Amino acid sequence: MNVLQEIIPNVKNMKQLQNLVLARRASQIKEELRQSEFSNLCFKFTCSQRVRKPFKEVINVSWGDAHKTGMKPLSFVQQVLAACLYPQLVNSDRLPVGVRQRAQSLLKGCDGGSVGSYTATRGISERVHRVSEFITRRDGGAPSYPENIFISPGSQWNILNVLVNSEASHRTGVLTPVPCYSIALMSIRGLGAVTVPYNLNEEQGWELQVEELHRALESAKGVCNPVALYVINPGNPAGYVQSRKSIQEVIQFVSEKRLFLLADEVYQDCVHGENSEFVSYKRVLAEMGPPLSDTVELASFHSASKGFMGECGLRGGYVELVNLDLAVMKYIYKLFSTDACAPVLGQFALDMMMKPPQPGDPSYPLYSMETQHIRTTLVHNVKRVLEVVNNLPGFCCQPVKGVFAFPRLHLPPKAIQKAKEMGMQPDAFYCMRLLEEAGVIVSPGCDYGQKEGTHHIRFYIMTPEDTMEEVLRRLSSFHTQFMKDFS
Amino acid sequence: MSQQAANGVPCRGKVLTLDNMNPNVRRVEYAVRGAIVQRAGQIEKELKEGVKKPFTEVIKANIGDAHAMGQKPISFLRQVLALCSYPELLEDNKFPEDAKHRARRILEACGGHSIGAYSASQGIECVRQDVARYIEKRDGGIPSNPDNIYLSTGASDAIVTMLKLLVCGEGRDRTGVMISIPQYPLYSAALADLGAVQISYYLDEDKCWSLDVAELKRAVDAARQHCNPRVLCIINPGNPTGQVQSRQCIEDVIRFAKEEHLFLMADEVYQDNVYAEGCKFHSFKKVLFEMGPAYSSTVEMASFHSTSKCYMGECGFRGGYMEVINMDPEVKAQLTKLVSVRLCPPVPGQALLDLVVNPPQPDEPSYNTFMKERTAVLAALAEKARLTEQIFNEVPGVTCNPVQGAMYTFPRIALPQKAIDKAKEEGQVPDMFYCMRLLEEEGICLVPGSGFGQREGTFHFRMTILPPTEKLKIVLQKISDFHVRFTQEFS
Chain W
1 MNVLQEIIPN VKNMKQLQNL VLARRASQIK EELRQSEFSN LCFKFTCSQR
51 VRKPFKEVIN VSWGDAHKTG MKPLSFVQQV LAACLYPQLV NSDRLPVGVR
101 QRAQSLLKGC DGGSVGSYTA TRGISERVHR VSEFITRRDG GAPSYPENIF
151 ISPGSQWNIL NVLVNSEASH RTGVLTPVPC YSIALMSIRG LGAVTVPYNL
201 NEEQGWELQV EELHRALESA KGVCNPVALY VINPGNPAGY VQSRKSIQEV
251 IQFVSEKRLF LLADEVYQDC VHGENSEFVS YKRVLAEMGP PLSDTVELAS
301 FHSASKGFMG ECGLRGGYVE LVNLDLAVMK YIYKLFSTDA CAPVLGQFAL
351 DMMMKPPQPG DPSYPLYSME TQHIRTTLVH NVKRVLEVVN NLPGFCCQPV
401 KGVFAFPRLH LPPKAIQKAK EMGMQPDAFY CMRLLEEAGV IVSPGCDYGQ
451 KEGTHHIRFY IMTPEDTMEE VLRRLSSFHT QFMKDFS
Chain C
1001 MSQQAANGVP CRGKVLTLDN MNPNVRRVEY AVRGAIVQRA GQIEKELKEG
1051 VKKPFTEVIK ANIGDAHAMG QKPISFLRQV LALCSYPELL EDNKFPEDAK
1101 HRARRILEAC GGHSIGAYSA SQGIECVRQD VARYIEKRDG GIPSNPDNIY
1151 LSTGASDAIV TMLKLLVCGE GRDRTGVMIS IPQYPLYSAA LADLGAVQIS
1201 YYLDEDKCWS LDVAELKRAV DAARQHCNPR VLCIINPGNP TGQVQSRQCI
1251 EDVIRFAKEE HLFLMADEVY QDNVYAEGCK FHSFKKVLFE MGPAYSSTVE
1301 MASFHSTSKC YMGECGFRGG YMEVINMDPE VKAQLTKLVS VRLCPPVPGQ
1351 ALLDLVVNPP QPDEPSYNTF MKERTAVLAA LAEKARLTEQ IFNEVPGVTC
1401 NPVQGAMYTF PRIALPQKAI DKAKEEGQVP DMFYCMRLLE EEGICLVPGS
1451 GFGQREGTFH FRMTILPPTE KLKIVLQKIS DFHVRFTQEF S
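Sequence order for the protein chains is W and C. Residue numbering for the first sequence follows this note's numbering, starting at 1 and increasing by one per position. Residue numbering for the second sequence follows this note's numbering, starting at 1001 and increasing by one per position.
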């Protein structure tokens, strides 16, 4: 009998994401395509039972990863990191002077002048200061203190860990939006806590309505002990940006109900469109003044994985903790210290995001051009997505203010029936067919939670324009056929 | 906001308090970055501000960070990583062909050909394949399956992940995890955080910190009274003790694990750091398979490795992996799901790992320089290990076992009763009191033995052997002098 047969139930209870199932199938298809291309080259007609695919490559728009979809990384970031990795480049003129200056400045903060050293637990002191300066600037002067900031990949896990009390008589509950970033749900459940869903209002552009928060909290009575409210702004998967008024209502709510506020704001740099301006929870809290500004306990998260940099692979992010009990902060510090420190290159990427090249800097013209291009691409893609998707019958998309489209699918009953027969969620079934027949990977709404009886897909729109055109072309053609097949 | 305490706003209105926070987190201690290190940081700040001290710098001999102590990165590794970071450098003829070849291969395997893209949660496939090949080569041809390789954020991430998977049950059924005394405190911290039961087994200081199966048996039998022992953790080469286990010992441990039905966790991050004559690194996996199918097809095990130690010392990259052996396929599926929650390990660390397991070969242009640099690093460490043992053993009241491997020395220090009493008065454990005094007087930061565990009534400290040889000599001299002074003061 295996030792490991009996494993921690918390892990067992984490739902397997359909996204991963799709990814595995996509790998197989890619391999099949590669082999059939090879056999074509050899002029061999392999006796294949495989149906030939009507596409030459698979396009993956299910990850929030700009580099993966083909967006060009920012030159400044790539060059600075290269110089930091191989400091001989700092002295050569192979790289622009602005790049070399920044690299030199970053390396000064490293012990032994090497990116291979450990750093302080919170992050390199100068980098942490940079983050707090960024926050203060962003929030119109509301002060931010370095001792409240931890640079870390996956810091949400540590904060949740402190909140979840497995020895209490009732299980810890965390209010989570529907729909919600799937990793957050998994993290909460993985710690043995319970998610308490509150529905965002799709018809009102995914508005967070405070009455719904009250209802959700009420529903938790007797089931669990809610300790925190998790909000995502800008949204993921739904592409909303919260209004200042909505943020104020949430803050009032958590204060009244004595909940810890977890504000996931990693997409704050990706906002576009009319009437959509990102304002941070911290800023609104500060501007609401005492007693709220001195008492509401808040953890805000940001990351270098998103925004224009899109450096997901470097794993650089931070959490700012506001109004926490100082004694609790000591333990949080200890917890972070067991992770040693965030990867140094990730800290550097974060630094460059917090303080990009400024007008007047030698690196500014190229940086500005590249980020402008990204902005233009995003705006263009959003327009095209809404045009195409909203013109397809059975598809309906709320305004997209971020980097994900989360359109609603009105699936015909026959399709829902077929999905049921196959033991799949209807939108997962749709996504699998989309992959098999059109070579496009998107995520099904069931991975994020959605109102009962509704179905959605999520796809990333930060892609090169021609990639998005191709995705939309394949999606339209597939969708039309699918709706016909199941009518 | 953080000033509110200064403003006198009462804290009893807090939502998150000591009383309602996760009680497990309150039990977490991690001495390597603990109180003494924080004091060292304060002192550094004071020095920067111009405060006069009896020393001009703080020497941080508390943490196994080679580059921080002046060790130079291996050129080849950094060249490839720079090429990966900024692929236009592939046009630059100052970079050797073998570096470019590897960079191209790594970039090919990355999403969008960028190290800034997420990778698969288990790690980039071609890197896992290279790791498997490296393990096969290291272990004399014993097969390794890339599917059993999980890349991780340093070895620590993989160790904690495995423990997350293993710790379950309530009350008397709660998982017990065997860990050595002394041990690297990540283990005790993780066990505290997970609410697991720590089962301590003592290494034998008089026998060069060797591991005795009889002691393992004593520990596990006692533990069965109050918990469910399921895991046995071994660190080889050892941290903080540096002992390199003999092949016989490893066989005995494997036999024990099988008999007691325990999951083996073999922390082998120092596998290239072996110095003492007559000592050799034997991987647990190799020994397991050489013991034949009765063992190799049944004992469940995970081996851990990292890019932070050995000759690379690239701690800041957070690169590492684990190989799982004989894991139940259903459990493995759960493991794969669990690692997906942290998305993916840092990609530069994965790229670095790929180079470590795929170094320049004799017929490649970078080979000579690479081998020269690698040999120099390991030779310097061996010399420093020898020097440390020699100098410390000349000090009355300090007993130092040979530093057979790893990067640390863990000498026993005799403390006068008066010092022990004084420490108690000040509310400190005696070896913390000793180390704090050393820090304040000489600016040398060590970690007290109490942070790692030690036999009751004995005291130790852990010091790294990483400073450059000349500086190390000075540090050793200063500590020796301090010890004599300290002993005199409290006699």
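Rather than coming from a laboratory, the hints here were simulated on the basis of the structure. Some hints could be false.
Said to hold, decoys possible - Example chain C residues on the side facing chain W (calculated, C-beta under 8 angstroms, incomplete):
| hint | residue |
| --- | --- |
| 1 | 1013 |
| 2 | 1068 |
| 3 | 1069 |
| 4 | 1092 |
| 5 | 1093 |
| 6 | 1115 |
| 7 | 1119 |
What the hints assert, rightly or not - Chain C is faced by these chain W residues, among others (derived, beta-carbon under 8 angstroms):
| hint | residue |
| --- | --- |
| 8 | 65 |
| 9 | 81 |
| 10 | 259 |
| 11 | 310 |
| 12 | 328 |
Remember, it's a predicted structure, so these values are computed and weren't measured experimentally. Yeah, the Cβ is synthetic: ideal placement off N, Cα and C, and Gly gets one too.
Hints, one by one, checked against the model:
Annotation: interface hint on residue 1013(C) holds; nearest CB of chain W at approximately 6 angstroms, less than 8 angstroms. Annotation: residue 1068(C) was flagged as interfacial toward chain W, and the flag holds, the nearest CB pair being 4 angstroms apart, inside 8 angstroms. The interface hint given for residue 1069(C) holds, since its Cβ lies 7 angstroms from the closest Cβ of chain W, which is under the 8 angstroms cut-off. Below 8 angstroms, beta-carbon pairs count as interface contacts, and residue 1092(C) has one with chain W at about 6 angstroms; its hint therefore holds.
A hinted interface residue such as residue 1093(C) counts as satisfied when its beta carbon comes closer than 8 angstroms to some beta carbon of chain W; here the least separation is about 11 angstroms, so the hint is violated. Proximity of residue 1115(C) to chain W holds as hinted, the smallest CB-CB distance being about 5 angstroms (cut-off 8 angstroms). Interface hint at residue 1119(C): satisfied, since its Cβ lies 6 angstroms from the closest Cβ of chain W, which is below the 8 angstroms cut-off. For residue 65(W), the interface hint holds, the least distance from its beta-carbon to any beta-carbon of chain C being 5 angstroms, beneath 8 angstroms.
Interface restraint check: residue 81(W) against chain C, minimum CB-CB distance 4 angstroms, threshold 8 angstroms, status holds. The restraint placing residue 259(W) at the interface with chain C holds, with a minimum CB-CB distance near 7 angstroms, inside the 8 angstroms limit. Proximity of residue 310(W) to chain C holds as hinted, the smallest CB-CB distance being about 6 angstroms (cut-off 8 angstroms). The beta carbon of residue 328(W) is positioned within 8 angstroms of a beta carbon in chain C (closest approach about 6 angstroms), and the interface hint is therefore held.
In the structure shown, a violation is registered for the earlier hint numbered 5 alone.
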